[in-house]
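Each protein sequence line maps, in turn, to chains A and B.
Read left to right, the first sequence gives residues 110 to 280 (this note's numbering).
Read left to right, the second sequence gives residues 22 to 646 (this note's numbering).
It should be emphasised that the hints constitute simulated quantities derived from the structure, not laboratory data.
It is possible that some hints are incorrect.
[As the list claims (entries may be wrong)] With a Cα cut of at most 27 angstroms, we get these calculated DSS-like pairs of lysine-lysine:
1) Lys263(B) x Lys371(B)
2) Lys556(B) x Lys544(B)
3) Lys261(B) x Lys171(A)
4) Lys175(A) x Lys371(B)
5) Lys371(B) x Lys544(B)
6) Lys175(A) x Lys544(B)
7) Lys240(B) x Lys390(B)
8) Lys544(B) x Lys561(B)
9) Lys390(B) x Lys263(B)
10) Lys171(A) x Lys263(B)
11) Lys371(B) x Lys261(B)
12) Lys263(B) x Lys417(B)
What you are looking at is a predicted structure, and each value in this text was computed from that prediction instead of being measured.
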Amino acid sequence: MRHIISMLLQNEAGALARVASMFSARGYNIESLTVAATHDPLVSRLTLVTIGDDAVIAQIIKQSRKTIDVLEIADLTSRDHLECEMLVVKVTANATNAAEIARFTELSFGIILDEGETTRVLQFSGRGAHITGVLAELTDITTILELARSGTAAIERGTSVLGLAEPALAV
Amino acid sequence: MNAMLQERSEAMNDAEVHPLSGVRMSGADIVVQVLADEGVGVIFGYSGGAILPVYDAVFRYNHEQLGSDGSEPLPLIVPANEQGAGFMAQGYARASGKVGVALVTSGPGATNTVTPVRDAMADSIPIVVICGQVPTAAIGTDAFQEAPVSTIMGSCAKHVLLVTDASLLEASLRTAFEIARSGRPGPVVVDIPKDVQNAELIFSGSSRLPIPGYRARLKAVTDSRLQPTECTAFLDALGKAKRPLLYVGGGVIAGEATRALRSFAEAFGIPVTTTLMGLGASDTTEPLSLHMLGMHGTAYANYAVCDCDFLIAVGARFDDRVAGVPRQFAEEARFIAQFDVDPAEIDKVKQVDWHHLGDLSDALDALRKHAAATGFDAYGQGRYADWHAHIAALKKTHAMNFDRDSALIQPYAVIEEINRITRGNAIVSTGVGQHQMWAAQYFDFTEPRRWLTSGSMGTMGFGLPAAIGAQFARRDMLVIDIDGDASIRMNLGELETVTTYDLPVKVVVLNNCGDGMVRQWQKLFFKGRFSATDKSLHKKDFIKAAEADGFPYAVRLDRVEDLPRVIAEFIAFDGPAFLEVMIDPDACVYPMVGPGASYAQMITGEHITSRDPFVAEESGPVEMF
Numbered sequence: 110m111r112h113i114i115s116m117l118l119q120n121e122a123g124a125l126a127r128v129a130s131m132f133s134a135r136g137y138n139i140e141s142l143t144v145a146a147t148h149d150p151l152v153s154r155l156t157l158v159t160i161g162d163d164a165v166i167a168q169i170i171k172q173s174r175k176t177i178d179v180l181e182i183a184d185l186t187s188r189d190h191l192e193c194e195m196l197v198v199k200v201t202a203n204a205t206n207a208a209e210i211a212r213f214t215e216l217s218f219g220i221i222l223d224e225g226e227t228t229r230v231l232q233f234s235g236r237g238a239h240i241t242g243v244l245a246e247l248t249d250i251t252t253i254l255e256l257a258r259s260g261t262a263a264i265e266r267g268t269s270v271l272g273l274a275e276p277a278l279a280v
Numbered sequence: 022m023n024a025m026l027q028e029r030s031e032a033m034n035d036a037e038v039h040p041l042s043g044v045r046m047s048g049a050d051i052v053v054q055v056l057a058d059e060g061v062g063v064i065f066g067y068s069g070g071a072i073l074p075v076y077d078a079v080f081r082y083n084h085e086q087l088g089s090d091g092s093e094p095l096p097l098i099v100p101a102n103e104q105g106a107g108f109m110a111q112g113y114a115r116a117s118g119k120v121g122v123a124l125v126t127s128g129p130g131a132t133n134t135v136t137p138v139r140d141a142m143a144d145s146i147p148i149v150v151i152c153g154q155v156p157t158a159a160i161g162t163d164a165f166q167e168a169p170v171s172t173i174m175g176s177c178a179k180h181v182l183l184v185t186d187a188s189l190l191e192a193s194l195r196t197a198f199e200i201a202r203s204g205r206p207g208p209v210v211v212d213i214p215k216d217v218q219n220a221e222l223i224f225s226g227s228s229r230l231p232i233p234g235y236r237a238r239l240k241a242v243t244d245s246r247l248q249p250t251e252c253t254a255f256l257d258a259l260g261k262a263k264r265p266l267l268y269v270g271g272g273v274i275a276g277e278a279t280r281a282l283r284s285f286a287e288a289f290g291i292p293v294t295t296t297l298m299g300l301g302a303s304d305t306t307e308p309l310s311l312h313m314l315g316m317h318g319t320a321y322a323n324y325a326v327c328d329c330d331f332l333i334a335v336g337a338r339f340d341d342r343v344a345g346v347p348r349q350f351a352e353e354a355r356f357i358a359q360f361d362v363d364p365a366e367i368d369k370v371k372q373v374d375w376h377h378l379g380d381l382s383d384a385l386d387a388l389r390k391h392a393a394a395t396g397f398d399a400y401g402q403g404r405y406a407d408w409h410a411h412i413a414a415l416k417k418t419h420a421m422n423f424d425r426d427s428a429l430i431q432p433y434a435v436i437e438e439i440n441r442i443t444r445g446n447a448i449v450s451t452g453v454g455q456h457q458m459w460a461a462q463y464f465d466f467t468e469p470r471r472w473l474t475s476g477s478m479g480t481m482g483f484g485l486p487a488a489i490g491a492q493f494a495r496r497d498m499l500v501i502d503i504d505g506d507a508s509i510r511m512n513l514g515e516l517e518t519v520t521t522y523d524l525p526v527k528v529v530v531l532n533n534c535g536d537g538m539v540r541q542w543q544k545l546f547f548k549g550r551f552s553a554t555d556k557s558l559h560k561k562d563f564i565k566a567a568e569a570d571g572f573p574y575a576v577r578l579d580r581v582e583d584l585p586r587v588i589a590e591f592i593a594f595d596g597p598a599f600l601e602v603m604i605d606p607d608a609c610v611y612p613m614v615g616p617g618a619s620y621a622q623m624i625t626g627e628h629i630t631s632r633d634p635f636v637a638e639e640s641g642p643v644e645m646f
């Protein structure tokens with residue numbers, strides 16, 4: 110089944126490659142991967158979406174937890190969590206569909222980032238299903254030229270926080 | 022006892038200020054100073070362009086710190102190939118419990134150590150490999166002797182540190198040793214660009230890298246104590262058992278828990294079987310020791326596993342060579358308990374009913390004390406009398422045996438003859454294959470750290486360099502490399518290393534003219550098609566090879582009647598000695614639990630009594646490995 114795995118990593122060269130190789134070594138495809146520094150610049154948060162056997166994923170998580178640079182790791186799949194993804198998409202625009210694009214973007218909680226003579230760059234965010242739906246509807250209105258999806262970012266609902274008991278800087 | 026505790030760094034109080042703290046040093050000098058601080062007694066390595074500054078620093082350090090007897094504090098032992106250096110570091114680590122160190126150059130020097138690094142990871146052996154790297158500015162430009170070491174090693178080591186910030190060099194090195202020896206031990210690689218070795222730095226004497234996640238997880242395991250409720254749950258289950266069995270792995274050796282394990286087994290009267298890596302954890306000459314279990318374990322150990330109703334795994338991981346079919350492994354056991362230090366090993370292969378993560382000695386001692394305090398009477402009412410009688414009968418009925426009347430030299434007889442002299446008082450290393458299994462089966466093992474073998478990776482060529490490393494760790498002990506003709510070929514260049522350093526290592530080559538173990542599988546599973554495993558037409562003369570490398574004793578043994586005399590003179594020889602034994606090329610390793618087979622399907626051969634009628638199956642392509 111689909112798994113959403115969240116990880117806090119020390120912001121070290123090679124840390125991301127080591128974690129990713131845990132999946133590739135087993136032939137597991139990473140559906141999406143987002144990683145960026147957190148409010149602690151020494152710590153990155155990584156969200157990884159993969160599809161695989163539950164037992165194998167559980168083993169990968171246990172093995173990943175042994176990676177020196179990993180601060181904390183959790184499988185959010187079975188927990189009450191929120192998912193969010195961002196889409197930046199460039200579409201063709203002309204006199205006949207420009208108004209329709211603008212209306213659709215507004216209705217879909219999107220933003221027009223750029224208006225060219227014959228193009229529009231749009232930004233949408235939301236759950237993966239919402240983004241997929243937006244893309245499907247856009248294709249009815251206009252032609253998609255190129256797009257970039259951020260991949261899923263996820264966070265647990267409520268007071269639960271992924272992290273170490275001690276601050277990351279402690280030696 | 023606990024060699025790791027003797028290492029200076031462990032004894033050094035963190036609050037103490039290093040006498041060299043604040044001194045200006047080059048990166049290379051810092052490397053050498055940290056090695057000295059960490060208690061490294063010998064460095065195994067091969068020089069080259071990108072590691073020259075460190076080699077120069079070692080030279081200067083040894084010159085400046087020369088002992089009054091002319092001894093160097095950090096002798097540099099040069100192998101024929103960097104793979105040899107890696108396995109020497111492993112042999113040193115396995116025999117002593119201390120961290121072994123290999124020092125190599127960039128590119129090919131580093132990639133030649135990939136195999137020993139992976140091997141150390143697979144067997145949880147603490148080594149630190151220090152590699153030179155091209156200068157920081159040249160990384161990624163396809164420079165001369167450049168290889169992406171951090172990427173390559175990242176997939177096979179416990180950790181890799183690429184030092185791009187010279188100010189973190191000292192902290193990185195010290196942290197490398199900490200990671201290598203702590204928790205489940207393993208190899209750590211430190212990749213040091215040449216400009217970092219030449220950088221002018223200030224020595225701190227105590228700096229370490231922040232690795233809060235690792236340290237927090239480690240602390241959770243090391244601080245973990247078995248709680249009274251957990252003791253009660255364990256003892257309640259044990260109290261109901263009639264046929265308990267200890268299944269002991271390399272974790273007991275790595276965790277220095279041999280004493281605690283033996284006390285535990287004795288206090289409760291529980292028989293012990295060990296894995297290949299666990300040999301030496303229990304004294305195999307004791308009545309309740311069942312020697313090794315698994316694919317080539319003793320028949321009596323494997324039958325005991327089938328018969329036990331309570332299995333206690335200690336530092337063992339239900340590896341495929343032990344539990345080929347996890348579901349059928351110890352099928353009669355109504356309760357399985359597991360002790361380990363690695364959370365990833367719990368429920369990995371076999372679901373267990375009870376487990377404890379923490380120091381093995383501490384947990385085993387706690388259970389023993391809890392039992393004594395609560396009046397748990399292990400021997401009461403002849404609790405295990407039947408089980409002990411059953412074990413004794415299994416050992417008698419299904420004893421190890423072979424064709425003792427053959428006109429050809431039987432490999433088992435060679436090991437038995439050596440064992441008659443050593444009786445466990447020798448360090449034995451091996452290559453990989455049949456000779457490795459015969460050595461595991463026919464030697465007595467009385468103490469830990471005297472059995473050095475590539476267990477998980479199964480690396481041919483391990484034996485000779487490992488023996489060299491072990492001899493440096495234990496100058497006082499007899500070190501014997503039991504090798505095969507195919508295995509020793511892989512690192513034959515290290516014969517020269519033995520004589521260069523005048524090490525009294527005893528090298529035995531059991532020559533069956535090819536890859537015996539693979540031939541055994543081809544015989545069983547590929548209808549006897551010996552694809553690429555027969556070397557009987559090769560022109561190799563091992564005796565000439567040993568003589569060419571300066572072995573003062575190099576003898577070929579090919580007559581059965583000479584066996585006792587030659588073995589005795591070989592072992593007694595004062596200096597490097599090489600013995601080639603022409604063995605029965607058809608000798609097989611029995612018992613054998615085929616890949617993907619259960620213990621009930623164990624093949625015991627002609628000379629070991631089986632209790633299950635063997636059902637010959639038409640062999641086809643085997644999925645298992």
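These are the hints, each one checked on the structure:
no.	hint	in the structure
1	Lys263(B) x Lys371(B)	22 angstroms, holds
2	Lys556(B) x Lys544(B)	16 angstroms, holds
3	Lys261(B) x Lys171(A)	33 angstroms, violated
4	Lys175(A) x Lys371(B)	20 angstroms, holds
5	Lys371(B) x Lys544(B)	31 angstroms, violated
6	Lys175(A) x Lys544(B)	41 angstroms, violated
7	Lys240(B) x Lys390(B)	24 angstroms, holds
8	Lys544(B) x Lys561(B)	25 angstroms, holds
9	Lys390(B) x Lys263(B)	21 angstroms, holds
10	Lys171(A) x Lys263(B)	34 angstroms, violated
11	Lys371(B) x Lys261(B)	21 angstroms, holds
12	Lys263(B) x Lys417(B)	21 angstroms, holds
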